[in-house]
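For the protein sequence lines, the chains are A and B, in the order given.
So for the first sequence, the working numbering puts the first residue at 1; every next one is plus one.
So for the second sequence, the working numbering puts the first residue at 281; every next one is plus one.
Hints are supplied without guarantee of correctness; some may be wrong.
What the hints assert, rightly or not - Computed footprint of chain A on chain B; a stretch qualifies when at least three of its residues, placed anywhere within it, have a C-beta under 8 Å from a C-beta of chain A:
no. : segment
1   : 334 to 348
2   : 351 to 361
3   : 465 to 476
4   : 520 to 533
5   : 571 to 581
To be verified - Here are the simulated EDC-like cross-link-like pairs (lysine to aspartate or glutamate), alpha carbons at most 16 Å apart as the crow flies:
no. : chain 1 : residue 1 : chain 2 : residue 2
6   : B       : LYS625    : A       : GLU250
7   : A       : LYS84     : A       : GLU278
8   : A       : LYS111    : B       : ASP429
9   : A       : LYS111    : B       : GLU545
10  : B       : LYS544    : A       : GLU263
11  : A       : LYS277    : A       : GLU110
12  : B       : LYS544    : A       : GLU229
13  : A       : LYS111    : A       : ASP276
14  : B       : LYS468    : A       : GLU263
15  : A       : LYS261    : B       : ASP429
For the record, the hints were derived by calculation from the structure and aren't laboratory data.
Positions of the beta carbon are idealized from the N, C-alpha and C atoms, including for glycine.
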Amino acid sequence: MTRNPSKNKSGRRTFLRTAGKALAGAVGGGALLAKSVAQDEHVAGNKATTSFPTEDYDWTEHRWAYGIDATRCIGCLRCVEACKAENGVAKDAHHFRTWVERYVYLEGEEKAQVDSHSDPQNIAASGSESEYRFDNRYKDEKVTKAFFVPKMCNQCQHPTCVQVCPVGATFRTEDGVVLIDETYCIGCEYCVQACPYGARYFNEETRTSDKCNWCYHRITKGLLPACVEVCPVGARIFGDLNDPSSSINEFIDNNRIHVLKPETGNAPTCFYVGIDKEVS
Amino acid sequence: MEMLVSAPYTGYVYPNETIIPWTLLIAIYPYLTGLVAGAFTVSSMHHAFGMERFKPVARFALLISLSCMIFVPLPLILHLGHPERAMNAMITPHLSSAFAMFGFFAAFYVVLLALECWFVFRVDNVARAQSSTGVLRTFYRAITLWSDDVSVKAREYDRKWLMALAIIGIPGAHGLHGYVGFVYGSLKSREWWGSDLMPVIFIFSAVISGMALCIVLYVLAARLRRIRLDFACLKGMAYALWGFLMFALLLEALGFANIVYKGKEGIDVIMEYVRGPLFVRYFVVQFGLGAVLPIMIIGGMIARDTRGKQFVVGLVISSVLVLISVFMMRWNVVIGGQEISKTMKGLLTYIPPLYGRQGILAGTAVMIAPFGLLWLLTHLFPPWGDMSQEELK
Numbered sequence: 001m002t003r004n005p006s007k008n009k010s011g012r013r014t015f016l017r018t019a020g021k022a023l024a025g026a027v028g029g030g031a032l033l034a035k036s037v038a039q040d041e042h043v044a045g046n047k048a049t050t051s052f053p054t055e056d057y058d059w060t061e062h063r064w065a066y067g068i069d070a071t072r073c074i075g076c077l078r079c080v081e082a083c084k085a086e087n088g089v090a091k092d093a094h095h096f097r098t099w100v101e102r103y104v105y106l107e108g109e110e111k112a113q114v115d116s117h118s119d120p121q122n123i124a125a126s127g128s129e130s131e132y133r134f135d136n137r138y139k140d141e142k143v144t145k146a147f148f149v150p151k152m153c154n155q156c157q158h159p160t161c162v163q164v165c166p167v168g169a170t171f172r173t174e175d176g177v178v179l180i181d182e183t184y185c186i187g188c189e190y191c192v193q194a195c196p197y198g199a200r201y202f203n204e205e206t207r208t209s210d211k212c213n214w215c216y217h218r219i220t221k222g223l224l225p226a227c228v229e230v231c232p233v234g235a236r237i238f239g240d241l242n243d244p245s246s247s248i249n250e251f252i253d254n255n256r257i258h259v260l261k262p263e264t265g266n267a268p269t270c271f272y273v274g275i276d277k278e279v280s
Numbered sequence: 281m282e283m284l285v286s287a288p289y290t291g292y293v294y295p296n297e298t299i300i301p302w303t304l305l306i307a308i309y310p311y312l313t314g315l316v317a318g319a320f321t322v323s324s325m326h327h328a329f330g331m332e333r334f335k336p337v338a339r340f341a342l343l344i345s346l347s348c349m350i351f352v353p354l355p356l357i358l359h360l361g362h363p364e365r366a367m368n369a370m371i372t373p374h375l376s377s378a379f380a381m382f383g384f385f386a387a388f389y390v391v392l393l394a395l396e397c398w399f400v401f402r403v404d405n406v407a408r409a410q411s412s413t414g415v416l417r418t419f420y421r422a423i424t425l426w427s428d429d430v431s432v433k434a435r436e437y438d439r440k441w442l443m444a445l446a447i448i449g450i451p452g453a454h455g456l457h458g459y460v461g462f463v464y465g466s467l468k469s470r471e472w473w474g475s476d477l478m479p480v481i482f483i484f485s486a487v488i489s490g491m492a493l494c495i496v497l498y499v500l501a502a503r504l505r506r507i508r509l510d511f512a513c514l515k516g517m518a519y520a521l522w523g524f525l526m527f528a529l530l531l532e533a534l535g536f537a538n539i540v541y542k543g544k545e546g547i548d549v550i551m552e553y554v555r556g557p558l559f560v561r562y563f564v565v566q567f568g569l570g571a572v573l574p575i576m577i578i579g580g581m582i583a584r585d586t587r588g589k590q591f592v593v594g595l596v597i598s599s600v601l602v603l604i605s606v607f608m609m610r611w612n613v614v615i616g617g618q619e620i621s622k623t624m625k626g627l628l629t630y631i632p633p634l635y636g637r638q639g640i641l642a643g644t645a646v647m648i649a650p651f652g653l654l655w656l657l658t659h660l661f662p663p664w665g666d667m668s669q670e671e672l673k
């Protein structure tokens, strides 16, 4: 077989030219397609903002916030149990969407003794990892000051968990709640590390990160989060900052409020009253 | 569902902290990337900086770097709750995350290393394709992309590519590893990690670990192949290891001094930790045995102009100590950071399980895997001679 080098060369050149055009076309086409998809999504996104997550809920109309009055909390732990039941949180001593801490100052001591209901001693007192109570370990001590502090996800305005998520599976909604898309989370637990408040944990069942979402499935239907609903002393306050007459606005307006670890710059939307310098 | 092992603790820790999120595999991940960067540095001493004394080990170091790099993503993927979603990070990277770029950086670096290897071994592979038969011939022909041009012009062209790749590769390798340091250093939730020095500390510890590995494997390979060691090359690596080791130690010490001197809230717990559970791991193994002792051994040998077997033994012992020290450093950073509670009021103790995805056995397998690949690669592409350069001269 003989070959014509020049013909071969020109063939190669033509091929390269055609391939180049095809590639350019593919890239250009791809870009156009991507643009049109993005536009579609944008439209869908606009639609979504007016009716999300349900038909009759508009997340642009609300700005949820949470108040905790530590002076009222009695450490009954109804909130913890209600939360576990409502959200299907693992019934053990290592996974909590909300928990309660006990701070006790003993006479002559500068620093508080701190524990939570997940402490092995308290678990031993309750007799089960799925039932919670504080034991009576200080009954023979002289206590100068003692109080309880409920804790949970602070639904930060600048959430580090959202910042570090490599896939964008966790995000802050328009109404101010940080959610996790468990169908997209890869379970790297970077967010668990990044949360300064220890609010996130790894859900062994879904194999994704998990945390409190202020019972988003309830609040978008006009209900209160389970923990707020069951609190017998009104230590937990929840409401819409956009509603001037809401209980949360009343709570914020009538108290000197604090947030946890303000130095992180996370800007929590969980506001505290009656906490001590030891609380972090 | 894997069995949950909760970490025992003292003081007060947040309830969710009792399950340690990042375990042995996440300590192995920066260790492997460190070895990649360090071995690449050794290879670049010859390929980019033209240091002739590093020539006997340059190609071998490149294969070490490639073997480790291919396995870098494995511990990360194994650790994921949903390994099947790992590609989500590349399909929809969330750009604000320090971790979002990992897949791209890793992929870029594997391609770069593979390309560099291709150019480095091209002339050898052409020769092997010509001298072998059957399947091997087809394999080497395919590897060379059916090109058998080994003319002076072609080799000059290879050399230019190699230079360019090495020049991109050096900042690439160190960038990749500095980035790993940033993944930890950028977190404000943990005092033990949140340091501006972290990326730099990671880079220097990477360089020393990779160099130490090259020294150990070079001596081991020479013994197995019953060939004479190139003393000048070994001494060159000893000098480099010695110098970088001093920088690494200084930076680590500065990092620690910063935490102590600033004495921010929670320093009591940190001091309780370093004086207690961390003392042996940190001061004795990582600093004492793994850094100060090798500096003294190598320094002593250089000062006394030790030669021969004594030098080789001293250098290998120092290198093994450095390898242990750097692994300890990774452990002390990754696990140590999580053993200090975010409450800064308590300390946890991580006990690695033997079995399971996060267990010691799985971790050991991940650590051994690169060396299995290296064994295969050194058989397919023996790095011992450097035909291309010889012939070019």
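Taking the hints in turn, this is what the structure says about them:
Coverage of the segment 334 to 348 of chain B by chain A is violated. Counting CB-CB distances below 8 Å, 0 residues qualify, and the rule asks for three or more. A count of 4 residues in the segment 351 to 361 of chain B with a Cβ less than 8 Å from any Cβ of chain A is obtained; the coverage claim is therefore met, three being the minimum. Closer than 8 Å: that is the beta-carbon criterion, and the segment 465 to 476 of chain B has 4 residues meeting it against chain A, so the requirement of 3 holds. Counting residues of the segment 520 to 533 of chain B whose C-beta lies closer than 8 Å to any C-beta of chain A gives 0; at least three are required, and the coverage claim is violated.
By the rule of at least three residues with a Cβ nearer than 8 Å to a Cβ of chain A, the coverage given for the segment 571 to 581 of chain B is violated, with 0 such residues. For a cut-off of 16 Å, the pair hint linking B:LYS625 to A:GLU250 is broken: about 34 Å separates their Cα positions. Note on A:LYS84 and A:GLU278: the hinted pairing is violated, with a Cα-Cα distance of about 27 Å set against a maximum of 16 Å. For the hint linking A:LYS111 to B:ASP429, the alpha-carbon distance of about 77 Å lies beyond 16 Å, and the restraint is violated.
In summary, the hint linking A:LYS111 to B:GLU545 is supported, as the alpha carbons are separated by about 13 Å, within the 16 Å threshold. Of the pairs offered as hints, the one joining B:LYS544 and A:GLU263 holds, with about 12 Å between alpha carbons and a cut-off of 16 Å not exceeded. Pair hint A:LYS277 plus A:GLU110 holds up; C-alpha atoms about 12 Å apart against a cutoff of 16 Å. In summary, the hint linking B:LYS544 to A:GLU229 is not supported, as the alpha carbons are separated by about 39 Å, beyond the 16 Å threshold.
Between A:LYS111 and A:ASP276 the alpha-carbon distance is near 11 Å, which keeps this suggested pair within the 16 Å criterion. Note on B:LYS468 and A:GLU263: the hinted pairing holds, with a Cα-Cα distance of about 10 Å set against a maximum of 16 Å. Between the alpha carbons of A:LYS261 and B:ASP429 the distance comes to roughly 66 Å, so the proposed pair goes past 16 Å and is violated.
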